[in-house]
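Could you use the hints to bring the two separately framed chains together as a complex?
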Amino acid sequence: MRTLGQKRAAFALEKVTTISCDNPKEFKTFSAGAPSMILQNGFGQALAFWYAKGGQNQRDKHRVLLDILQEWLCLCNGDVRNRFIPPCTTPREMVTALAAMSQDQYLAAQKEALALLEWIKRYANALLKGK
Amino acid sequence: MLKKELCAIGKLYAISPVHAGSGAATSAVDLPIQRERHTEWPQIQASGVKGALRSHFRRFANGGGTTLINLIFGSDEGNDGWKKEWDSLPGAMSISDARLLAFPMRSNIAPFVWVTCPAVLKRLDADLTYADVGQNMDVPEVRGDEAFSIGGAPVAAGQVVIEDAVVDVANHQGNACIKTLFPELERLILVSDEMYKYAVTCCTEIQTHIKIDAEKGTADDGALWYQEYLPADSLLYTVVHYSHRDAGESEHAEIQRALADLKAQTIKQHVEEALQGFIQIGGDETLGKGIFNLTWITGGAQ
Numbered sequence: 007m008r009t010l011g012q013k014r015a016a017f018a019l020e021k022v023t024t025i026s027c028d029n030p031k032e033f034k035t036f037s038a039g040a041p042s043m044i045l046q047n048g049f050g051q052a053l054a055f056w057y058a059k060g061g062q063n064q065r066d067k068h069r070v071l072l073d074i075l076q077e078w079l080c081l082c083n084g085d086v087r088n089r090f091i092p093p094c095t096t097p098r099e100m101v102t103a104l105a106a107m108s109q110d111q112y113l114a115a116q117k118e119a120l121a122l123l124e125w126i127k128r129y130a131n132a133l134l135k136g137k
Numbered sequence: 003m004l005k006k007e008l009c010a011i012g013k014l015y016a017i018s019p020v021h022a023g024s025g026a027a028t029s030a031v032d033l034p035i036q037r038e039r040h041t042e043w044p045q046i047q048a049s050g051v052k053g054a055l056r057s058h059f060r061r062f063a064n065g066g067g068t069t070l071i072n073l074i075f076g077s078d079e080g081n082d083g084w085k086k087e088w089d090s091l092p093g094a095m096s097i098s099d100a101r102l103l104a105f106p107m108r109s110n111i112a113p114f115v116w117v118t119c120p121a122v123l124k125r126l127d128a129d130l131t132y133a134d135v136g137q138n139m140d141v142p143e144v145r146g147d148e149a150f151s152i153g154g155a156p157v158a159a160g161q162v163v164i165e166d167a168v169v170d171v172a173n174h175q176g177n178a179c180i181k182t183l184f185p186e187l188e189r190l191i192l193v194s195d196e197m198y199k200y201a202v203t204c205c206t207e208i209q210t211h212i213k214i215d216a217e218k219g220t221a222d223d224g225a226l227w228y229q230e231y232l233p234a235d236s237l238l239y240t241v242v243h244y245s246h247r248d249a250g251e252s253e254h255a256e257i258q259r260a261l262a263d264l265k266a267q268t269i270k271q272h273v274e275e276a277l278q279g280f281i282q283i284g285g286d287e288t289l290g291k292g293i294f295n296l297t298w299i300t301g302g303a304q
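In the order they appear, the protein sequences are chains A and B.
Just so you know, the first sequence maps onto residues 7 to 137 in our numbering.
Just so you know, the second sequence maps onto residues 3 to 304 in our numbering.
The hints are simulated quantities; they were obtained by calculation from the structure and are not laboratory data.
Some hints could be false.
Rough simulated footprint, nothing fancy, chain A against chain B, three-plus residues with beta-carbon under 8 Å [said to hold, decoys possible]: (1) 166 to 176; (2) 196 to 203.
Below 30 Å or equal to it, Euclidean Cα-Cα: the simulated DSSO-like pairs (lysine-lysine) are [to be verified]: (3) B:K199 / A:K13; (4) B:K199 / B:K124; (5) A:K135 / B:K218; (6) A:K135 / B:K213; (7) B:K52 / B:K199; (8) A:K59 / B:K52.
Glycine included, C-beta positions come from ideal geometry on N, C-alpha and C.
Next up, chain B with everything else stripped away, as it sits in the complex (with noise of 0.2 Å):
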């Protein structure tokens, strides 16, 4: 079992709307995006992450060679060279699914404003405890059609159009761990559970795809489909935690010296010297979607 030694969290702001496809089509669209089961957030599930996180990796990191993706991510023959002959290892870091904390929408206030709610602003709070970032969260009750400016800027007192619904956005009271961890979020209003849930499920962007007859230069037939994106400017979070690597966990010499010096402290280094800024994840890679910018919100030692 990984031991829990030292936490982060990453942020991920969308740059580009993200498709990470949930491969099912039974719903309005023919592509819908990873969801939560029981809330129907979005999400993107750990694999996805990790799958990502590693292939940047293996493209970015300077020196590390391919011993230190294994012992990181875990040991892997196909893509990185780990030897049949040696035992399978587990990687020294967990990534959790990245969850969404807010949902940007079209709206009156230009150019737009970030919903979040309590529920995810409580989980958020949990995650925080976990990863032992030290904040406290205050989380006012919000119900019908209240809202709060909680971000960085204040939203003026007021009614505020969020796609087809209105709320009544009360004094600003912005909270004081989301302007110290969520700078970027800066016109975020704290809306109520119902009304978040309608956000992430009936606002999020819908891209009709076709495919051109090259001959006729029409649209072929049957190569019609609607396809689900994140929007851009979607805040995701993902918790990490680092453990050390011990030398007797391999019976080999090669990797018994390249496993002795691996702390936790010195993974979390190269981790966060590779992964940084822009990255990639989910499909549609070559028309230029979901590229997020990663930055890491240091967390404590356990």
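Here chain A stands alone, though its shape is the one from the complex (with noise of 0.2 Å):
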């Protein structure tokens, strides 16, 4: 059995080894600011900003964060079995999602995504740097 930490960790170190991003470099000091902006804005409010920004550009730093975000949520696969929120696919999913859920799972799920972006900043900052 792994803990919930071995997952996180294992999901963000495949997620950054991996990335397709225009510039690698602002991923990483986006991603470090990623969950200060969450705490002062509010998830909600952090999210729809970011969709604002990325829009339809897959290769957007905004939008790889947020389908990060919205794969681990509700990521079910092996021993993960993720339910902060329900099925989807898209970031549009994911927001549309978190507006129609009780406050209970609304705050769980900024707990999780608080709990993940911190393994994505620190494995982008160990990993991105120089690109």
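Next comes the structure, spelled out in structure tokens:
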């Protein structure tokens, strides 16, 4: 059995290693500030802001991070059984689901997103240097 | 071992944001604050509180001399001139971690509300019993989005927005103990333990810091960090107890003379006279952070 921390770490490592982003160095800086942005502005607000910035460009840093969060929060694969948001495949579906869920679920999703982002920013800082 | 003779509770009301840093960086922010391991509630470790009190005492105690500070807080050669040939002595007062009692949150009720929860109040109750303050706390159960107004000024019944969450405040049930001992907490609402956890983990203050490159006038490369603070208006408390000193604790005549008269009551007076009002604890002193207003609730004798 793996701890939840191990599962987050493995997922984050894989995502950062295989990142396809226009400017990986910018992603590094952006991911370092992402948890603070959620804490300062609220979860829904931060995600809506990134959604507005990233739009349909799948290689934009905002969109890349949104995609990672969306995949993780409802990932069911092997020993990972995440149900922080209902199953969905796009950031748009994610923000729609967030708006509809109960307060408890919303706050749980926020905590989980913050926990994953800790690993994302750590690995981005380690792996995306100099790119 | 310290003999617990006299007790007191030190109330620490934050005048400015406070950064008692944990030194770790494995968190959502680069410089997080100290938290209790099992609850994740913010705290200030006892050693930090004691160091700050000692430093304040050193600067503001009148007529005590350096021997007194050594006898009250424990002997220290480096800072307070304890002589090498004297045996080291422990202090005569014991200070607990500073625990968070009420956390301020932005709200639709101007200008803000304080929140606390049943688990915090039960712990306060235990601490008051330990310090023999003689109050009985009646802690109601709170579930889900329920909340009660328990401070001095009633918060009108109805929905109250605290940051991103909404709670349903029932009729005012002012808590006698809180109103007597913590009158500064006017708009205090009791929320569920889960809601309180959301408040103290997701709604602390985050400040962005940079360093400016003097030549270019822009942010220095790599010098950008996010620092966590406990917001101003947070209320913490620390449990303190005092014990008397005995001349027999030292073989040296000079120290024996100083120890002879030092009753717990005298030590308590020295401490409470010198340590009151504004006091600085934690990091970023030169940025005006960590200023508390310290007042004392006198406890009983044991």
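Hints, verified against the model:
Counting residues of the stretch 166 to 176 of chain B whose CB lies closer than 8 Å to any CB of chain A gives 3, so the stated coverage by that chain holds, three being the minimum. Coverage of a stretch by a chain is defined here by at least three residues with a beta carbon nearer than 8 Å to that chain's beta carbons; for the stretch 196 to 203 of chain B and chain A the count is 3, and the condition holds. The hinted pair formed by K199 (chain B) and K13 (chain A) meets the criterion: a straight-line CA distance of about 24 Å does not exceed 30 Å. For the hint pairing K199 (chain B) with K124 (chain B), the CA-to-CA distance comes to about 15 Å; that is within 30 Å, so the pair holds.
About 23 Å separates the Cα atoms of K135 (chain A) and K218 (chain B), which keeps this hinted pair within 30 Å; it holds. Distance check on the hinted pair: K135 (chain A) and K213 (chain B) sit about 20 Å apart at the alpha-carbon level, within 30 Å; holds. Straight-line distance between C-alpha atoms of K52 (chain B) and K199 (chain B) comes to about 27 Å, which keeps the hinted pair within the 30 Å bound. A hinted pair counts as satisfied when its Cα atoms are at most 30 Å apart, and K59 (chain A) with K52 (chain B) does not qualify at roughly 48 Å.
Figure legend: structure checked against the earlier numbered hints; the only hint not met is number 8.
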